[in-house]
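Novice: The lines below spell out each chain.
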Amino acid sequence: MDDAAEAHRAAVVAAVLGVVGTGISVFGFWSISGPQLRAVQAVGILTSSGALWALRGRWARRSQARPNVLFLLVLLPTVVMAWMVDEARATHSAYWVPYEPNKLSVLTLAIIAPPGWPIGMLAILLFVGSALLHHLMLAATLRARMSAGEPFGIIAYGVFALVVLGFKQRGYALRGELEHERAEKVALERVARVSMALRDLANTPIQTLELVRQRLLTGDPQLTLQTERMGRALERLRRLNDILAPYQSAVVWDGEGTTVEREILSAKARVSAPSSRRQF
Amino acid sequence: MTAALLDDDTDLLEILAELLQERDCRCLLARSLDELKAFGPEVLAADVAVLDINLGAGQPSGIDAYDWLLSQNFTGRLLFLTGHAHAHPLVARAERLNRATVLDKPLDGGVLLDRIMGLGVGSTDGSHVAP
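Protein chains in written order, with numbering that gives the first Met the number 0: chain A, 0 to 279; chain B, 0 to 130.
For the record, the hints were derived by calculation from the structure and aren't laboratory data. Hints are not guaranteed to be accurate.
Said to hold, decoys possible - Derived contacts from chain A toward chain B, CB cut-off under 10 Å, selection only:
hint : residue
1    : Met195
2    : Leu210
3    : Gln213
4    : Asn240
Said to hold, decoys possible - Every beta carbon over 12 Å from chain B, so not counted as near; a handful from chain A, in silico:
hint : residue
5    : Ile111
6    : Arg144
7    : Glu209
Each residue gets a CB set at the ideal place from its N, CA and C atoms; glycine is no exception.
Excised from the complex, chain A in its bound form (with noise of 0.2 Å):
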């Protein structure tokens, strides 16, 4: 899966847990919510549920860019929303533990980042700042009534989220370089049997004119210094299978011969010339 593909995927499991999270909320703070909360709420569905619809065709999947857009687009109405629902519960609870869906969705985000450090890294500040931002404002009166360890609670939270965050861009970069060698190693067998299919396929002309060579040795002193030119070209093109011949180990065989072998033996017997059956 490239770079793009992985991009896609993660904007379409921002988009559902955008629609289930939000669905869920609805139900779960009902109870304090007001139309405020409700119409962000709506907005919030409204978004995933158009980002879905954005990411169902086959050009969304061609670049990275598009899914990263909306997958930072879908996390907007859900801050605001994490924000309501904090300030709702501060308002109603006479205890609460503060900055729960922006814990939740910071380690979520970390999981499910795409590839590239600041799509990822920017979501997670994106919740850890705002839960930050709505720490120094809130009232002295619900900071009291607010369980203890904040701010450090989210802030360990948001560092836990960018070492989950550093792994998953780790497993990106890996996936990457093993894809990058796969190809690589693919491309050298390749030429490595093309190369093999031609050096053999070279050797019977060469073994031919070498037994011409052969023949015209008869002790004329001009047709001597032709047959050893041409002895000193033999010996040159031999040398070529010494060149060649490393590149044996990268071939990996298929049974009787290689599929490149084949198709140049095929070429070769189209060009060959017509079988005799000779007594000398």
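Chain A is fixed; fit chain B onto it per the hints.
Specialist: Just chain B, lined up with the frame of chain A:
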């Protein structure tokens, strides 16, 4: 002396036959297993059979010819002549056959003729002779 020569390259067959004739060796030339079989008892009485391993796409190989000759109680020497790499499956199979020696193309003309005439070497021994 009689030599049976099997190779799908006509020019190679003919020049090899000319050189062997100069050494008083009678040659039977075939470009395929069917042509070799068509010689009948003559080929089975030959002193040496020189078999190209790869006789073209979709054609019986020199190893098939080797098997046929042995099935017909051929008692002469057997030489495989190939331009293919040692790693090629057919060549690898030929190298495992006890009765035959594998000669690599291109071989020095004098050395090749000596090997066919059985000069300067022992009988067939399954060895590999490279240029």
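Novice: Indicate, hint by hint, whether the structure satisfies it.
Specialist: Verification of the hints:
1. Met195: holds (5 Å)
2. Leu210: Constraint on leucine 210(A) satisfied, holds at 4 Å.
3. Gln213: holds (3 Å)
4. Asn240: Since the shortest Cβ distance to chain B is 7 Å, the answer is holds.
5. Ile111: Given a closest Cβ separation of 47 Å, the condition holds.
6. Arg144: holds (77 Å)
7. Glu209: violated (5 Å)
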